[in-house]
Amino acid sequence: MSKIHVQTTINEEATEFLCEPRESLLEVLRETLGFTGTKEGCNDGNCGACSVTLDGVLIDSCLMLAVEAEGKSISTVEGLANPEGLHPIQQAFLEHAALQCGICTPGFLVASKALLDHNPEPSEHEIRHWLAGNLCRCTGYDKIVRAVLEAAQTVRASA
Amino acid sequence: MSAGNGYKVIGTRPVRHDGVDKVTGRAVYGGDTRLSGLLYGQVLRSPHAHARIKSIDISKAQALPGVKAVLTGADLPKTGDTIVDLGEGPARLKYMSDNVLATDKTLYSGHPVAAVCASNVHIAEEALDLIEVEYEVLEAVLNLREAMKEGAPQLHPDMTTQEFGEDTGRTSNLATHFQHKLGDPDTAFASADVVIEREFNTATVHQGYIEPHNATAMWNADGQITIWTSTQGSFAARAQTGAVLDIPVSKIKVVPQEIGGGFGGKIPIYLEPIAAMLSKASGQPVKLIMTRPAVFESTGPTPGSHIKIKMGANKDGKIVAAEAYIAFESGAYPGGLVGAAAMCVFSCYDIANGLIDCYDVVLNKPRSFAYRAPGSTQACFATEHVVELLAAELGIDPLEFRLKNSATTGTRRIDGVVYPKMGCKEVLEAIRDSEHYKSAAPSGPNQGRGISLGYWFNVGLQSACTASVNNDGTVSLSEGSTDIGGSRTSIAMQFAETLSLDVDDVRAQVVDTDSIGHTDVTGGSRVTYATGWAAYKSALDVQAQMCERAAQLWEVEVDQVAFEEGVFSSGDKSYTFKELSGHLDETGGPVIGRATVNPDSGVGGSFAANIADVEVDPDTGKVQVLRFTVIQDAGKAIHPSYVEGQMQGGSAQGIGWALNEEYYYNKDGQLDNSSYLDYRIPTSLDLPMIETIIVEVPNPGHPFGVRGVGEANIAPPPAAMAGAIADAIGVRLQELPMKPSNVLAATQASEGQAALAAGG
Ligand code: FES
Ligand code: FES
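Sequence order for the protein chains is A and B.
The working numbering puts the last residue of the first sequence at 159; the count rises by one with no breaks.
The working numbering puts the last residue of the second sequence at 1760; the count rises by one with no breaks.
There may be inaccurate statements among the hints.
Pairs of lysine to any residue residues, derived as SDA-like cross-links and limited to a Cα-Cα distance of at most 20 Å, are as follows [unchecked claim]:
hint : chain 1 : residue 1 : chain 2 : residue 2
1    : B       : K1622     : A       : H125
2    : B       : K1739     : B       : D1617
3    : B       : K1573     : B       : E1548
4    : B       : K1054     : B       : K1105
5    : A       : K3        : B       : G1066
6    : B       : K1280     : B       : G1073
7    : B       : K1060     : B       : G1073
8    : B       : K1622     : A       : H129
9    : A       : K3        : B       : V1121
10   : B       : K1253     : B       : A1281
11   : B       : K1315     : B       : L1394
12   : B       : K1315     : B       : F1189
13   : B       : K1404     : B       : S1191
14   : A       : K3        : A       : E31
15   : B       : K1078     : B       : D1158
16   : B       : K1280     : B       : D1246
17   : B       : K1054     : B       : I1131
18   : A       : K3        : B       : H1122
19   : A       : K3        : B       : L1064
20   : A       : K3        : B       : I1123
21   : B       : K1622     : B       : S1750
22   : B       : K1280     : B       : L1038
23   : B       : K1149     : B       : Q1162
24   : A       : K3        : B       : N1120
25   : A       : K3        : B       : E1125
26   : B       : K1181     : B       : L1355
27   : B       : K1251     : B       : Q1224
28   : A       : K3        : B       : S1119
29   : B       : K1105     : B       : D1057
30   : B       : K1105     : B       : V1133
31   : B       : K1622     : A       : A132
32   : B       : K1739     : B       : A1726
33   : A       : K3        : A       : E20
Examples of chain B residues lying across from chain A (beta carbon under 8 Å, computed) [stated by the list, open to error]:
hint : residue
34   : V1015
35   : T1024
36   : R1026
37   : R1034
38   : G1208
39   : S1651
40   : S1675
Because the hints were derived from the structure by calculation, they are not lab data.
For each residue, glycine too, the CB sits at the ideal point set by N, CA and C.
Let the sequences and hints guide you as you build the complete structure.
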């Protein structure tokens, strides 16, 4: 199958790749570009492990074709930290022990960041509602929700 | 951060050592394995629940450009009638091999029949469509009680029932029938003032780990095989793969990658031998990742069950006799989990007379496997129901009734085990003393509260640890327990505690099967207990060797060197651990501590309890959890945050099991809900915060008093939810899941009865 040339931006870096039209964004991120931080749990849009943002909008990368990334800006878990350190959400997840196996964690981090970008002061219910598309089988969500509540505070304090 | 109890490290909450890798996306899970020349595999699965394979034609698939190898069951070594014991009791190797790739028959829809590898996953998928399998479809049986009937479709025409340890010679789907008996239950029941008997059914459920099974293998030209996989036990994966491929384990190295959940479901192998054989055939490394539907259709599930419980008590509130009939689905092959259920069913109570009658039954579902306290949840749901009814009948408060009958030190379980020091009573007292229990029960319409008590016995098994002291006084700790929920840290903490080191100076890593001694699976809540013990012992080994080095430097006898609070001393001379570490090169080179353990006694079981408040929607039957508390005996909580995490996670799984999780098979025996959309596990929106109370009744069989905490917590939630629902709607349900349709039907039936009573 002949490949298509795609120009996009990933974690603020201009990136180009070749892909087959049938490849999902998740597959290209993981297998072609090596961004294996974005996880595959179901490949059918039901677990959120593959969460990334596309022009700031939270999406399941398994449900989008890679060719659709043309001209768009994508952010993955690998783009959360910077040379100065971890993002407050990452730090809060560590301090609250909000991960056990950690396979769902990249998706939760990306989704939580998207939440705080759009609602800096979410209530517990708003967090639970926003994160309902991200499944975690290990934690029972308690510590995740607490971590996001605290991260929201940290982000607001530093804004 | 102070730990209390004289501990410096144990009881604190450090950030886990693998944490940064896991929040930045750098941690390498099985599916993230990348190798040069990597090929991608896919597995073809049977659409039929029960069929004879008449022929498989792979020629068209082989001819597809990009396809590198095609594999069928015929390519696996013939295993004959070999019996192997790979840690889970004796099993027929043919069953294990046939579950990896079917040969003569397929026994469940989703049963693997062929596999391919190709230069990319899409070509591999296309190739699957080109494999032609001719099936003779056979009648299937997917209902436990049907499967036990005479004349039911037989899965294994050569399988005979083992009864009370003897081969009956009778072929049937009943693999095993056994009993445990204590005292004289018949006489005790006859003497009881109240006897209550009820019957229960629970659905087949799945562990539901978010990471699909995966395996990557490279079969080298010299016959050495490396397997990268997400497994609960790298040594178990090596042994099982070696057995199926009929090659010695010394030819296989298993590299455990990070694992995205297991809960018991990643103890068995599925893809490892397939990846290895495809690599052998293609000469390149091959990676397979299961699709999500395949995970549901072909792996894991934990057994559905049919249980009858009969219990008798005296007027003064003492349980005098108990009887259980427990039939468990074993899935397509025998060797299920009913034995573990028998060890848990009455384990919370001190009962002098009892009978436990157990049946292990094969039927056309995937081979069932452990799921967190396997067997205990089903059993607890049934027993706690009857316990509540007994208390009500006797007019005794249900918590008081449990306290009165609580198992304790010296209690002999019906299966014969005598309890050492146990925290059952303490867990019940923690319910009584909790703010949640003391708070007013929710009293709105259709609201209610329930409590429950559950148990898991925990296991010991083998672990190994090596500890290399670096010349800056830090320690590199190698161990073999794959880390699913922060165990590297709980192990490092026990090492650090022993030598009074800073926990950040002890770096624990999980290494491959060539780099550490045999370590059993991460399961049975054993890692913090047994591998932690190995860490403790390896620390003592380091301490002894370091004392020798100090003796050399100071030219004294080694028994003149003392070690206390991280400082070596003799007379007026002293070195901190760090200082002495700087002198290793001049005293003989590096120090490596090592230890292995196989604690067969000393394992401490753990009890867990719940308080649950719910509200039932009278129009839909949907149950909303309003408030939930989990209480568990940890013996000693090494890292309290991760102990709480286990308790919360087990609770969430138990709530899912209670309220909606279940396998739906259609009339053709195909699984109709093999996605997360339809097999719905709890989301963040379904649950409240899960309050935790850690009870610490130290286990005398562990240097720090540890009891494993991974499992007991999943047992009580369905029973607590049933109690809360009963309190809310007046009907105590006898079937799992208590899904909206069942709850609604129960509500309507009870309203109907009430109306009838009022009208009549
Ligand atoms: S992998 Fe995309 S939602 Fe599950
Ligand atoms: S931490 Fe394992 S799935 Fe969330």
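Hints and how they fare:
| no. | hint | result |
| --- | --- | --- |
| 1 | B:K1622 <-> A:H125 | holds, 19 Å |
| 2 | B:K1739 <-> B:D1617 | holds, 12 Å |
| 3 | B:K1573 <-> B:E1548 | holds, 14 Å |
| 4 | B:K1054 <-> B:K1105 | holds, 9 Å |
| 5 | A:K3 <-> B:G1066 | holds, 16 Å |
| 6 | B:K1280 <-> B:G1073 | holds, 15 Å |
| 7 | B:K1060 <-> B:G1073 | holds, 18 Å |
| 8 | B:K1622 <-> A:H129 | holds, 18 Å |
| 9 | A:K3 <-> B:V1121 | holds, 15 Å |
| 10 | B:K1253 <-> B:A1281 | holds, 19 Å |
| 11 | B:K1315 <-> B:L1394 | holds, 6 Å |
| 12 | B:K1315 <-> B:F1189 | holds, 13 Å |
| 13 | B:K1404 <-> B:S1191 | holds, 19 Å |
| 14 | A:K3 <-> A:E31 | holds, 15 Å |
| 15 | B:K1078 <-> B:D1158 | holds, 17 Å |
| 16 | B:K1280 <-> B:D1246 | holds, 14 Å |
| 17 | B:K1054 <-> B:I1131 | holds, 13 Å |
| 18 | A:K3 <-> B:H1122 | holds, 14 Å |
| 19 | A:K3 <-> B:L1064 | holds, 19 Å |
| 20 | A:K3 <-> B:I1123 | holds, 14 Å |
| 21 | B:K1622 <-> B:S1750 | holds, 16 Å |
| 22 | B:K1280 <-> B:L1038 | holds, 13 Å |
| 23 | B:K1149 <-> B:Q1162 | holds, 16 Å |
| 24 | A:K3 <-> B:N1120 | holds, 13 Å |
| 25 | A:K3 <-> B:E1125 | holds, 18 Å |
| 26 | B:K1181 <-> B:L1355 | holds, 4 Å |
| 27 | B:K1251 <-> B:Q1224 | holds, 5 Å |
| 28 | A:K3 <-> B:S1119 | holds, 15 Å |
| 29 | B:K1105 <-> B:D1057 | holds, 16 Å |
| 30 | B:K1105 <-> B:V1133 | holds, 12 Å |
| 31 | B:K1622 <-> A:A132 | holds, 18 Å |
| 32 | B:K1739 <-> B:A1726 | holds, 14 Å |
| 33 | A:K3 <-> A:E20 | holds, 5 Å |
| 34 | V1015 | holds, 5 Å |
| 35 | T1024 | holds, 6 Å |
| 36 | R1026 | holds, 7 Å |
| 37 | R1034 | holds, 7 Å |
| 38 | G1208 | holds, 5 Å |
| 39 | S1651 | holds, 6 Å |
| 40 | S1675 | holds, 6 Å |
Going down the numbered hints, you'll see the structure goes against none, and every one checks out.
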